[in-house]
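Protein chains: 2
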Amino acid sequence: MTLVVQKFGGTSVADADRMQAVAEHVARTRRSGDDVVVVVSAMGRTTDDLLHLAEQVSGVHPAREMDMLLTAGERMSMALLCMALAERGVPAASFTGSQAGIITDTLHRKARILEVKGDRLRAALAEGVVPVVAGFQGVSSTRDITTLGRGGSDVTAVALAAALGAARCEIYTDVSGVFSADPRVVPTARKLPRVSFEEMLEIAATGGRVLMLRSVEFARNHHVPLLVRSSFTWEPGTIVIEEDPSMEQPVVSAVTHDTSQAKITLSGVADRPGIAATLFRRLAERSVNVDMIVQNISHDGMTDISFTAPREDLAASREVAESMLGPLEAAEVITDEDVATVSLVGAGMKTHPGVTATMFETLAAEGINIEMISTSPIRISCMVRSDLAEKAVQALHRAFELDAA
Amino acid sequence: MTLVVQKFGGTSVADADRMQAVAEHVARTRRSGDDVVVVVSAMGRTTDDLLHLAEQVSGVHPAREMDMLLTAGERMSMALLCMALAERGVPAASFTGSQAGIITDTLHRKARILEVKGDRLRAALAEGVVPVVAGFQGVSSTRDITTLGRGGSDVTAVALAAALGAARCEIYTDVSGVFSADPRVVPTARKLPRVSFEEMLEIAATGGRVLMLRSVEFARNHHVPLLVRSSFTWEPGTIVIEEDPSMEQPVVSAVTHDTSQAKITLSGVADRPGIAATLFRRLAERSVNVDMIVQNISHDGMTDISFTAPREDLAASREVAESMLGPLEAAEVITDEDVATVSLVGAGMKTHPGVTATMFETLAAEGINIEMISTSPIRISCMVRSDLAEKAVQALHRAFELDAA
Chain H
1 MTLVVQKFGG
11 TSVADADRMQ
21 AVAEHVARTR
31 RSGDDVVVVV
41 SAMGRTTDDL
51 LHLAEQVSGV
61 HPAREMDMLL
71 TAGERMSMAL
81 LCMALAERGV
91 PAASFTGSQA
101 GIITDTLHRK
111 ARILEVKGDR
121 LRAALAEGVV
131 PVVAGFQGVS
141 STRDITTLGR
151 GGSDVTAVAL
161 AAALGAARCE
171 IYTDVSGVFS
181 ADPRVVPTAR
191 KLPRVSFEEM
201 LEIAATGGRV
211 LMLRSVEFAR
221 NHHVPLLVRS
231 SFTWEPGTIV
241 IEEDPSMEQP
251 VVSAVTHDTS
261 QAKITLSGVA
271 DRPGIAATLF
281 RRLAERSVNV
291 DMIVQNISHD
301 GMTDISFTAP
311 REDLAASREV
321 AESMLGPLEA
331 AEVITDEDVA
341 TVSLVGAGMK
351 THPGVTATMF
361 ETLAAEGINI
371 EMISTSPIRI
381 SCMVRSDLAE
391 KAVQALHRAF
401 ELDAA
Chain L
1 MTLVVQKFGG
11 TSVADADRMQ
21 AVAEHVARTR
31 RSGDDVVVVV
41 SAMGRTTDDL
51 LHLAEQVSGV
61 HPAREMDMLL
71 TAGERMSMAL
81 LCMALAERGV
91 PAASFTGSQA
101 GIITDTLHRK
111 ARILEVKGDR
121 LRAALAEGVV
131 PVVAGFQGVS
141 STRDITTLGR
151 GGSDVTAVAL
161 AAALGAARCE
171 IYTDVSGVFS
181 ADPRVVPTAR
191 KLPRVSFEEM
201 LEIAATGGRV
211 LMLRSVEFAR
221 NHHVPLLVRS
231 SFTWEPGTIV
241 IEEDPSMEQP
251 VVSAVTHDTS
261 QAKITLSGVA
271 DRPGIAATLF
281 RRLAERSVNV
291 DMIVQNISHD
301 GMTDISFTAP
311 REDLAASREV
321 AESMLGPLEA
331 AEVITDEDVA
341 TVSLVGAGMK
351 THPGVTATMF
361 ETLAAEGINI
371 EMISTSPIRI
381 SCMVRSDLAE
391 KAVQALHRAF
401 ELDAA
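Just so you know, the protein sequences line up as chains H and L, in that order.
Our numbering numbers the first residue of the first sequence as 1 and each following residue consecutively.
Our numbering numbers the first residue of the second sequence as 1 and each following residue consecutively.
Excised from the complex, chain H in its bound form (with noise of 0.2 Å):
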């Protein structure tokens, strides 16, 4: 007996028909015979409609209280998605993440998972229950309900995975997997049938929406295989598994790109030891998430230093790298919020030098320029003016024929 973890999210559950599809889905994966525990995300707009009625009631939100108030979407969620499935025959029991021993730390709306109990799943398993566990949430080390934030579902659902010996995680969404590049943005654009995680964290984290980082990150390290597929289609998906080095791996995989990043410029900056390091050291203190750090060769002991942060994090970001200015320190602040990030992502790539080369050829001829660059082994990403961002992607794309056959 195989056991599976299968997560729906908001859209997989947005309304009677669509939790009917998915009961029927689930239905369908138990005549197999193999075991299931599902996890799943609020319905549709629910998180939205919740968060809408806090702002009518206060201008105040107590992050414990958000918890309280957002973790109601999945209660209903699961508890409809146990009645269609009870309809069809299969037997399943809704569980809170605190009921599903999903403990996490006391950081309220983005709390991290430090265990998962599990006893009552594994309980319901032993009698042929399914278990439909409620994602995002989790119950804190002092006994408060937390969330997971952004992403967090999926977080559940492989950390459940983990936690009972699945043979691998589900994750059901409104698309139909990893594609080489956004499908709005190339329409040609051809779906992968496996990718491993490094590629997966890689085009997670510069631009690509079907995972979250965190969730692969997770996989990854607890050798959880993911399976990304369409619960409106139930089409054959990606999966993403540990690399196999028996096999020659593309050279490019995806085209990636993210246009929600702000540039900040610190100029003028005495280029001395240890001011980089308060810089990010405070950034680190105010939780901005610091993606590409460029700092050219100084002229007459002074340099730049230009980093990338979320937009969302672009306020205190600027506050930051205001606090270092001074005769001593830096000169001058810039922002600019009209950055994208192109990137390539390619297990091997490791072994082709001359893909740097191809990019950049491609992006000058289309009179792309390119402003920051930043690599790893398996990976190459430019910054470039945001409307140029599309532009690029395509041309990349066809540069390195990744096109749908």
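Hints listed in this document are in silico derivations from the structure and should not be mistaken for laboratory results.
The beta carbon of each residue, even a glycine, is placed where N, CA and C say it ideally should be.
Hints are supplied without guarantee of correctness; some may be wrong.
To be verified - What follows is a set of in silico ranges between Cβ atoms, one per label pair, in the way DEER data are often shown:
{"#": "1", "chain 1": "H", "residue 1": "R28", "chain 2": "L", "residue 2": "E332", "range": "34 to 44 Å"}
{"#": "2", "chain 1": "L", "residue 1": "G128", "chain 2": "H", "residue 2": "R28", "range": "46 to 56 Å"}
{"#": "3", "chain 1": "H", "residue 1": "W234", "chain 2": "L", "residue 2": "A126", "range": "52 to 62 Å"}
{"#": "4", "chain 1": "L", "residue 1": "T106", "chain 2": "H", "residue 2": "S323", "range": "54 to 64 Å"}
{"#": "5", "chain 1": "L", "residue 1": "G128", "chain 2": "H", "residue 2": "L107", "range": "43 to 53 Å"}
{"#": "6", "chain 1": "L", "residue 1": "D49", "chain 2": "H", "residue 2": "R184", "range": "29 to 39 Å"}
{"#": "7", "chain 1": "H", "residue 1": "S141", "chain 2": "L", "residue 2": "R281", "range": "43 to 53 Å"}
{"#": "8", "chain 1": "H", "residue 1": "R184", "chain 2": "L", "residue 2": "E55", "range": "28 to 38 Å"}
Stated by the list, open to error - If you want the ones that stay clear, here's a sample from chain L, every Cβ over 10 Å from chain H, calculated:
{"#": "9", "residue": "T11"}
{"#": "10", "residue": "D15"}
{"#": "11", "residue": "M68"}
{"#": "12", "residue": "E87"}
{"#": "13", "residue": "D105"}
{"#": "14", "residue": "K117"}
{"#": "15", "residue": "S141"}
{"#": "16", "residue": "P187"}
{"#": "17", "residue": "P245"}
{"#": "18", "residue": "Q249"}
{"#": "19", "residue": "S267"}
{"#": "20", "residue": "T278"}
{"#": "21", "residue": "T303"}
{"#": "22", "residue": "G348"}
{"#": "23", "residue": "A364"}
{"#": "24", "residue": "A404"}
Since the structure of chain H is already known, use the hints to place chain L on it.
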């Protein structure tokens, strides 16, 4: 420092404005120097909306999952109220039934409270935090989420008041207290400043809809004074307390009516021991709440047994009655839904034997036929045709001079 429990029903927290008014009132209570524990119901029509969702999703509704679904309602309202309190500088924390330590039996959808632990509420109070507790819900001895059935939030409030030793339990609703009759039927009905638990029990049992019988019983058994008030006008309400034997009681306090019952008659019943016992044992096994029972003298070894039960239990009642049919037991089952009971309630009635006569004369003068009669030391109930119930209430209210001064 006095501790009060304040319970706000669904209409009291129906929208953002109502929620803010409630927060303002709780803040005011705190400023007056009292400690407060708040109990909330789900907002307005939330429960109906959730029931509708369940109907849409599935034709099968396992009780455990209905409880999981419905408890989302109070979760939202309590979190939102805590936010509104925070905005007013009142530290507050929400607690689910489970977190509040409300332990119930395992009967989903109409669980009974077995124990109230309340440790976390006491700890919150000790820290100056207002606990806001989800009404209507608890956690069973097998760690599943349960709901307490109709009127459950009032029961939660009374149980917490008893467990925490509160000075009183305030029930806020959309009416301003307990009236001498339903003001929609008798516009001149008078608000009663105080009623005894015994009177309140009779009023609740005979159609007064402000408080459910169950919470009044709980309050009486645990000596918790109840205050019923409007959360719309905040005017003084009705206090429900132990009868004060030193005071003269009004003969009649209220005229109530109840159109929610049906009458079932088993006619041609063999008049020998055990038949009535079998009938009512079987009704109890089907959880039918029998109210009035009338059996008259027999003729030729045959008698008729009539009883009333809530109309929603009519189908079950008829099935049970029909199970008694047979040559040795009973001849026929007759059901009647067009009935109503009209009752007089008053603690002073015990010592005033003329009340019954006045009641019957008043109804006779209006040409209203009495079909069944039942009495207690402080109540007389008559069954009449349902379309004559309001006329009967109005006539009795006049006859006993209950109009507002």
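For this session: Would you assess whether L/E87, listed as outside the interface, keeps its beta-carbon beyond 10 Å of every beta-carbon in chain H?
Result: 4 Å, violated
Exercise. For L/S141, which was marked as not at the interface, is the minimum beta-carbon distance to chain H over 10 Å?
Worked result: 14 Å, holds
For this session: Grab the minimum beta-carbon distance between L/M68 and chain H and tell me whether it stays above 10 Å.
Result: 4 Å, violated
Exercise. Taking C-beta pairs only, is L/D105 more than 10 Å away from all of chain H?
Worked result: The claim stands: L/D105 keeps its Cβ more than 10 Å from every Cβ of chain H (closest is about 18 Å).
Exercise. Are all C-beta atoms of chain H more than 10 Å from that of L/D15?
Worked result: 8 Å, violated
For this session: Just tell me: holds or violated, for the beta carbon distance of L/D49 and H/R184 against 29 to 39 Å?
Result: Distance hint for L/D49, H/R184 holds at roughly 34 Å.
Problem set entry | Distance restraint hint 52 to 62 Å, applied to the beta-carbon atoms of H/W234 and L/A126 | Holds, at about 55 Å.
Exercise. Since L/P245 was said not to touch the interface, does its Cβ keep a gap of more than 10 Å from each Cβ of chain H?
Worked result: 47 Å, holds
For this session: Return holds or violated for the Cβ distance of H/R184 and L/E55 against the range 28 to 38 Å.
Result: Once the Cβ atoms are compared, 37 Å apart, the range 28 to 38 Å for L/E55 and H/R184 holds.
Problem set entry | Distal placement of L/T278 relative to chain H, Cβ over 10 Å | Given that every Cβ of chain H is farther than 10 Å from that of L/T278, nearest at about 35 Å, it holds.
For this session: Just tell me: holds or violated, for the beta carbon distance of L/T106 and H/S323 against 54 to 64 Å?
Result: Given about 59 Å between the Cβ atoms, the range holds.
Exercise. Does the claim that L/K117 lies outside the interface with chain H hold up, using a Cβ gap greater than 10 Å?
Worked result: 13 Å, holds
The structure shown violates the earlier hints numbered 1, 5, 10, 11, 12.
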